[in-house]
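2 protein chains.
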Amino acid sequence: MNRMVFFISDQTGLTVQRLGEALLAHFPDTGIDRVDIPFIDTEAKARQVVDRIDTATRLGLAPVVLCSIDDAAVRAIIRRSGVLCLDVLEAFIAPLEQAFGVPASHNTDQAQGAPESTEYEERIEAINFTLAHDDGVDGKHLADADIVLIGVSRSGKTPTSLYLSLQFGIRAANFPLTEDDLENQTLPKSLTPHRSKLFGLSIDPIRVHRIREERRPGSRYASLAQCQFEARQALRLYQRLNIPHLDSTHKSIEEISTTIIQQFGLKRRFF
Amino acid sequence: MNRMVFFISDQTGLTVQRLGEALLAHFPDTGIDRVDIPFIDTEAKARQVVDRIDTATRLGLAPVVLCSIDDAAVRAIIRRSGVLCLDVLEAFIAPLEQAFGVPASHNTDQAQGAPESTEYEERIEAINFTLAHDDGVDGKHLADADIVLIGVSRSGKTPTSLYLSLQFGIRAANFPLTEDDLENQTLPKSLTPHRSKLFGLSIDPIRVHRIREERRPGSRYASLAQCQFEARQALRLYQRLNIPHLDSTHKSIEEISTTIIQQFGLKRRFF
Numbered sequence: 001m002n003r004m005v006f007f008i009s010d011q012t013g014l015t016v017q018r019l020g021e022a023l024l025a026h027f028p029d030t031g032i033d034r035v036d037i038p039f040i041d042t043e044a045k046a047r048q049v050v051d052r053i054d055t056a057t058r059l060g061l062a063p064v065v066l067c068s069i070d071d072a073a074v075r076a077i078i079r080r081s082g083v084l085c086l087d088v089l090e091a092f093i094a095p096l097e098q099a100f101g102v103p104a105s106h107n108t109d110q111a112q113g114a115p116e117s118t119e120y121e122e123r124i125e126a127i128n129f130t131l132a133h134d135d136g137v138d139g140k141h142l143a144d145a146d147i148v149l150i151g152v153s154r155s156g157k158t159p160t161s162l163y164l165s166l167q168f169g170i171r172a173a174n175f176p177l178t179e180d181d182l183e184n185q186t187l188p189k190s191l192t193p194h195r196s197k198l199f200g201l202s203i204d205p206i207r208v209h210r211i212r213e214e215r216r217p218g219s220r221y222a223s224l225a226q227c228q229f230e231a232r233q234a235l236r237l238y239q240r241l242n243i244p245h246l247d248s249t250h251k252s253i254e255e256i257s258t259t260i261i262q263q264f265g266l267k268r269r270f271f
Numbered sequence: 272m273n274r275m276v277f278f279i280s281d282q283t284g285l286t287v288q289r290l291g292e293a294l295l296a297h298f299p300d301t302g303i304d305r306v307d308i309p310f311i312d313t314e315a316k317a318r319q320v321v322d323r324i325d326t327a328t329r330l331g332l333a334p335v336v337l338c339s340i341d342d343a344a345v346r347a348i349i350r351r352s353g354v355l356c357l358d359v360l361e362a363f364i365a366p367l368e369q370a371f372g373v374p375a376s377h378n379t380d381q382a383q384g385a386p387e388s389t390e391y392e393e394r395i396e397a398i399n400f401t402l403a404h405d406d407g408v409d410g411k412h413l414a415d416a417d418i419v420l421i422g423v424s425r426s427g428k429t430p431t432s433l434y435l436s437l438q439f440g441i442r443a444a445n446f447p448l449t450e451d452d453l454e455n456q457t458l459p460k461s462l463t464p465h466r467s468k469l470f471g472l473s474i475d476p477i478r479v480h481r482i483r484e485e486r487r488p489g490s491r492y493a494s495l496a497q498c499q500f501e502a503r504q505a506l507r508l509y510q511r512l513n514i515p516h517l518d519s520t521h522k523s524i525e526e527i528s529t530t531i532i533q534q535f536g537l538k539r540r541f542f
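These protein sequences, in sequence, are chains A and B.
As numbered in my numbering, residues 1 to 271 make up the first sequence, in order.
As numbered in my numbering, residues 272 to 542 make up the second sequence, in order.
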């Protein structure tokens, strides 16, 4: 029988869920049923949640609550359920108050990235920019790009570009390397004025072969020989032109994005 | 003079950064310079970080470290800097060990969402689906959609769809409501078989007017009268056809996405 873990928040719960996932990854053999409960920002809603916790307590293993609730009265109601209730922010507020020498404010309603903010506008602009500059569609406004990802087809350019724009407000364009580029060891013409913004993705040929086979089985495009040629030539091009690059084969979108931000010293426009 | 806060992680640092943002929002009047340092997974790298902390300590206010470092030896080196060092996972591991009745494993290298996983494949599939079904481009495969967002132009459909696919692996399509649809109070034809998947976004006409004015100043499309007509008719359509809907005017992309997930009871395919 699985144990229920409740992720309860007065806002979206994305922070507590993310931290909770990282914590639960340390208990791989413990069967867990996750329950996400966002937007618990009144005492009435908290009492309804306690009913759900009580039911879970009666039916099985003692549930665990991970929460992020700013209002002490709302949090106290959840606590009254008697189960282990860890507030992921509360634990750190007191030491930070001491370090900063000021009391914490609890008036944080103005969520960052709300639609009224400049951050929001910049985020939307970055998303629109990335969509307009996906897969080399538009090479005209690359002067406005923060970064231009290059790589062979299916090396992870599009997901990484979208992640950079959506999560960080970074204007990420991406450009495919064509067979001609790879053969001649040259950059696509529209990229040459933007050398300093280029970041190359490389990928294991066997992996790219497998991905392409699923899309176009038996094609020359998907053949192992073609994938090996492209992977080898792309890497050679990055090295020859001294373009910073990364092997995306075993990396998540988050890891690729973080590496790029770090290497270019990019400023996040959004958190 | 600002105080430096270091966000240090042995992985991408996205969890500690996110939690750190939520914590620092409680100290709005404390001037902070953030420094993100990801991928600190060896003692040698930790020693280099301590040098940076030492320098910051000599030059100004005592820095603060928020970290997420699994290896106790690596963490101990950071701690030796003598500044306040809060590990955002460590604090919760012991109580969870007690609640679950098992010791925590520290072998969590296999990051969720790594390219080898089914989760990764589903995430990429969802992103591709969303890109192919943005703004009503392709109404043919809506049977495969988890959700179809509808709304007037500039109500937030595209960013929300991308967020749902990228963060949660949810196949989110989106479809614009045209003037004819709004006038006749009918759904676009290709949507009628998918009524149960529809979610409507509504938006304050003054806000949409302002956004559109920036793109096409002085146009009929951007006029307040047109925006008022569209906003009113869209809301009427949702109510008439009993389509669940949300006013996106004051909501972040995260809040809209969380509300949709909650209302539809959608299963996240990715964390």
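I should point out that these hints are in silico values taken from the structure, not numbers from a laboratory.
Any given hint could turn out to be false.
[Said to hold, decoys possible] Straight-line alpha carbon distances no greater than 25 Å define the calculated BS3-like cross-link-like pairs of lysine-lysine that follow:
hint, chain 1, residue 1, chain 2, residue 2
1, A, K45, A, K140
2, B, K411, B, K460
3, A, K45, B, K460
4, A, K267, B, K316
Here is how each hint holds up against the structure:
{"no.": "1", "hint": "K45(A) - K140(A)", "result": "violated (52 Å)"}
{"no.": "2", "hint": "K411(B) - K460(B)", "result": "holds (11 Å)"}
{"no.": "3", "hint": "K45(A) - K460(B)", "result": "violated (39 Å)"}
{"no.": "4", "hint": "K267(A) - K316(B)", "result": "holds (23 Å)"}
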